[in-house]
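Visitor: The chain contents come next:
2 protein chains.
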Amino acid sequence: MANIKPFTIDLDLLTGLSKSKESTKRYLSNMKGMFSDELAYENLLKQEDRLLYEFYELDLPNKDSDLLFGTSIVYPGKVGNEYHMTKGHFHTILDTAEVYYCLSGNGMLLMENPEGDWDTQQLKPGSAVYVPGRYAHRSINVGNEPLVTFFVFRADAGHDYGTIEEKGYRKLIHDKNGEIQIVDNPKWQE
Amino acid sequence: MANIKPFTIDLDLLTGLSKSKESTKRYLSNMKGMFSDELAYENLLKQEDRLLYEFYELDLPNKDSDLLFGTSIVYPGKVGNEYHMTKGHFHTILDTAEVYYCLSGNGMLLMENPEGDWDTQQLKPGSAVYVPGRYAHRSINVGNEPLVTFFVFRADAGHDYGTIEEKGYRKLIHDKNGEIQIVDNPKWQE
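Chains as they are written, first to last, in the numbering used here: chain A, 46 to 235; chain B, 46 to 235.
Just so you know, these hints were derived from the structure itself, not from any lab.
One thing to keep in mind: the hints can contain errors.
To be verified - Pulled from the structure, derived: some chain A residues nowhere near chain B, Cβ distances all over 12 Å: (1) S68; (2) N126; (3) H219.
As the list claims (entries may be wrong) - Pair by pair, the computed Cβ-Cβ distance ranges are: (4) B:P170 x A:N107: 22 to 32 Å; (5) B:D205 x A:D162: 28 to 38 Å; (6) B:G207 x A:L103: 27 to 37 Å; (7) A:R95 x B:D104: 41 to 51 Å; (8) B:H204 x A:K50: 17 to 27 Å; (9) A:R215 x B:I225: 50 to 60 Å; (10) B:G223 x A:K50: 42 to 52 Å; (11) A:D82 x B:N75: 51 to 61 Å; (12) A:G78 x B:I225: 20 to 30 Å; (13) B:E211 x A:K169: 39 to 49 Å; (14) A:K169 x B:Q92: 37 to 47 Å; (15) A:K169 x B:G223: 38 to 48 Å; (16) B:T60 x A:E224: 29 to 39 Å; (17) B:H204 x A:Y120: 52 to 62 Å.
Ideal Cβ positions, reconstructed from N, Cα and C, are used throughout, including at glycine.
Input sequences plus hints: build the corresponding full structure.
Guide: Next up, the structure:
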């Protein structure tokens, strides 16, 4: 028997924000150790604890028959020469996919799997990016406006943030004199 | 092991159309028996085999770890006093959910489950509608512009169109002098 009834959530197509629901917010202080330039991070944090990104989390049962969805908004800016980004995560049930549909802004989705394959896909308005199962994924704002995406994944997938927090990603996305560069992460370890 | 690589599809945020992929199209002639006013249907068909709606289908493995997604575009108009609509379907794996995010237009999502519960949710730009498992769902354009939605569901869910083709929905959405009316389907049988 169905125990969830049909429902609607408002998610603004331009800002990504909802009038009816509270977002989860990640400030600079929530991202310790995630950016490569630790000195730049500490100096910025002394000035202001910026809002880096926010997203919506639904409270549905963790069932494989259900889906979780919402928007993610990554605000523009850099920490050192590294663009604002989400923590990124694997799914706890590793082999579960996710879809990101870009509503506005200019960004990249950085992905890697435990087998060593990595990939980036551009996020621009109208791009629907498929993150296959097994791929950790992080949104990065390489533009000057908020990066807004609509995402959907299986409700039982779960989030594994710890692996990324410990190991980082194989690749970093840096700004070098206005050019977007994909560089090796010197701290990354197998 | 992952056998699908990350990929991107372009799906225009305004029109819903893709430049890189061919849509599946449903013309009036594909909808025989779906509209309640059969005489109006036959008369319209003699004049023109209109395009009622189109949508995108991805070719991914039917695995519960994958997701299928795309856009659906229902063009405005009526057959008799019934608004243009999709055939609608149950999922073959009945207890699998779907998400519809409305990008433009003005519509309704009509839903019902085998237990007899039915529901409508409004589709307007920025509305994200959750179709829980077990609910058949049909998009209906009650406005004057194309109704464009972005949808996501589990890749193994499958489509059961036959049940709706045989039994119809419990409810019909009609126009009565410019007002949207939800009326009982006289042909519906348990």
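Visitor: Confirm or reject each hint.
Guide: Going through the hints against the structure:
no., hint, verdict
1, S68, "14 Å, holds"
2, N126, "25 Å, holds"
3, H219, "21 Å, holds"
4, B:P170 x A:N107: 22 to 32 Å, "30 Å, holds"
5, B:D205 x A:D162: 28 to 38 Å, "36 Å, holds"
6, B:G207 x A:L103: 27 to 37 Å, "32 Å, holds"
7, A:R95 x B:D104: 41 to 51 Å, "42 Å, holds"
8, B:H204 x A:K50: 17 to 27 Å, "22 Å, holds"
9, A:R215 x B:I225: 50 to 60 Å, "53 Å, holds"
10, B:G223 x A:K50: 42 to 52 Å, "30 Å, violated"
11, A:D82 x B:N75: 51 to 61 Å, "58 Å, holds"
12, A:G78 x B:I225: 20 to 30 Å, "54 Å, violated"
13, B:E211 x A:K169: 39 to 49 Å, "44 Å, holds"
14, A:K169 x B:Q92: 37 to 47 Å, "41 Å, holds"
15, A:K169 x B:G223: 38 to 48 Å, "39 Å, holds"
16, B:T60 x A:E224: 29 to 39 Å, "33 Å, holds"
17, B:H204 x A:Y120: 52 to 62 Å, "40 Å, violated"
Of the hints listed earlier, those the structure fails to meet are numbers 10, 12, 17, in rising order.
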